[in-house]
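From first to last, the protein sequence lines are chains P and A.
Following the numbering used here, the numbering of the first sequence begins with 3 at its first residue and continues without gaps.
Following the numbering used here, the numbering of the second sequence begins with 6 at its first residue and continues without gaps.
FYI, nobody ran anything at the bench for these hints, they're computed from the structure.
Just so it is clear, CB atoms sit at the ideal spot from N, CA and C, and this is done for glycine as well.
Mixed in with the good hints, there may be bad ones.
To be verified - Pair by pair, the computed Cβ-Cβ distance ranges are: (1) D56(P) to T15(A): 29 to 37 Å; (2) A13(A) to A54(P): 29 to 37 Å; (3) K128(P) to R48(A): 21 to 29 Å.
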Amino acid sequence: MIDLQGIEKAFGSNRVLRGVDLEIGTGTSMVIIGGSGTGKSVLLKCILGLVAPDAGTIRLDGHDVTRAPREEFLARFGMLFQGGALFDSLPVWHNVAFRLLRGAHRRPKAEAREIAVDKLRRVGLKPEVADLYPAELSGGMQKRVGLARAIAAEPEIIFFDEPTTGLDPIMAGVINELIREIVTEMGATAMTITHDMSSVRAIADHVAMLHDGVIQWTGPIAEMDATPDPYVQQFIHGRAEGPIEAVR
Amino acid sequence: MSLLSPLAATGHVVLSALATLGRVTIFAVQAASHILRPPFYTREFLNALMQIGWFSLPVVGLTALFTGGALALQIYAGGARFNAESVVPSIVAIGMVRELGPVLGGLMVAARVASSIAAEIGTMKVTEQIDALVTLSTDPMKYLVAPRVLAATLAVPVLVAVGDSIGIWGGYLVGVTRLDFNAATYLKNTVDFLEVWDVGSGLVKGAVFGFTIAVMGCYHGMRSGRGAQGVGRATKLAVVSASVLILAANYVLTEVFFSA
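Use the sequences and the hints to build the structure in full.
Now the structure itself:
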């Protein structure tokens, strides 16, 4: 279980997170929604240790990991970045097997390649893709490779940062389905940040709405449409009028 | 209040400069410490060695060749004013190995390598590849910075040695073909007046310059701002700072090595 208590983060005078409290149960898929610039990515980076929170605690299975050494902690994570964040200088299979070629998860090269090809197949890519370089792939293929890299070391927790940004609706649907299938079959805890409502409906078990640096509402996906929370209602229906200012 | 404004502005600039100096120093110390501590990324080191060393050979070689030739012409013309044309071989050799080889070689490598390192790492930063490295339990200082710094520290002295040889050869070509020096006499004068420490000091300078070039490239790349403009600014700062630091370090090292 991931337990966030009172997470705060400011950049200069801009207080992005003002006390985020959130629990993500083991094996559940939590989707955090919110407009652009509301701090979703900052929250995710705080959990990963890429950004140090100014205040608050992050607990993983009851252990405070807010300022703990990150290597052991990160070994349990997989992450799909918004733009894929594939390493340009490495072929696709090296990208996928990156964690398997070094560090604690190190495997023999042939075995690592075999696992990479298997994971590529799992995300719908042919083995021939393994020897291409990221620059030779389309945006959708890069997302799939990023997804294959995120699951390569069988992580317990997977983070997805805007997984469908920049994709056409059909490819976005394919990626959403893949994420849902993979999270279910691996039994992993998932946290996704997005403002794409089709992703929310496809991926989420639970939803949390982040606005003004705090969680405005959280609950099961089944209750999202019926909640009277004005922030959620404005966001999911894309209305210009409501408590969320259209111009930020 | 207005009287204090210039003072406040000056103080702001000084504090900012000191903060930058502190950050660069800490970064350089961290880079050096990561070179000595495992894990070591051999593949990345060899790749950096090829990029920094092997692919810089043409530009360093051509620079040295033309510099050696021009130096021979200048010394000949200057020496003629007091009938000292015969010093051309020895002055070309000493000038190349002590000063021009390391400094010009260092500046050419700075232009080629510091920019390329800063642009590559800066692009990795803005496309979240550095964050991806961290989430894959890989320390960017070990994976990206340490191999490049070690490779540059080892490769630049070798480039300087090659540049020295080519520069002296350039002087020899001009001396023999344009200035009517006897080939055997030119070579004898070159060898007789050159001391081991002349060459050694240039190689030490090369190592310091190589370290400086890679540290500045990596530092500015890692601190790159967002977007194309951020990467462009990081690249420019890497080349400018590496070049200025090479010239400053050259003066300090010359004082240390050769002041009476």
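Against the structure, the hints:
A hinted range of 29 to 37 Å for the beta carbons of D56(P) and T15(A) is consistent with their spacing of about 32 Å. Look at A13(A) against A54(P): about 30 Å separates their beta carbons, and that is inside 29 to 37 Å. Checked against the given bound of 21 to 29 Å, the beta carbons of K128(P) and R48(A), roughly 26 Å apart, stay inside it.
The structure meets every hint from the earlier list without exception.
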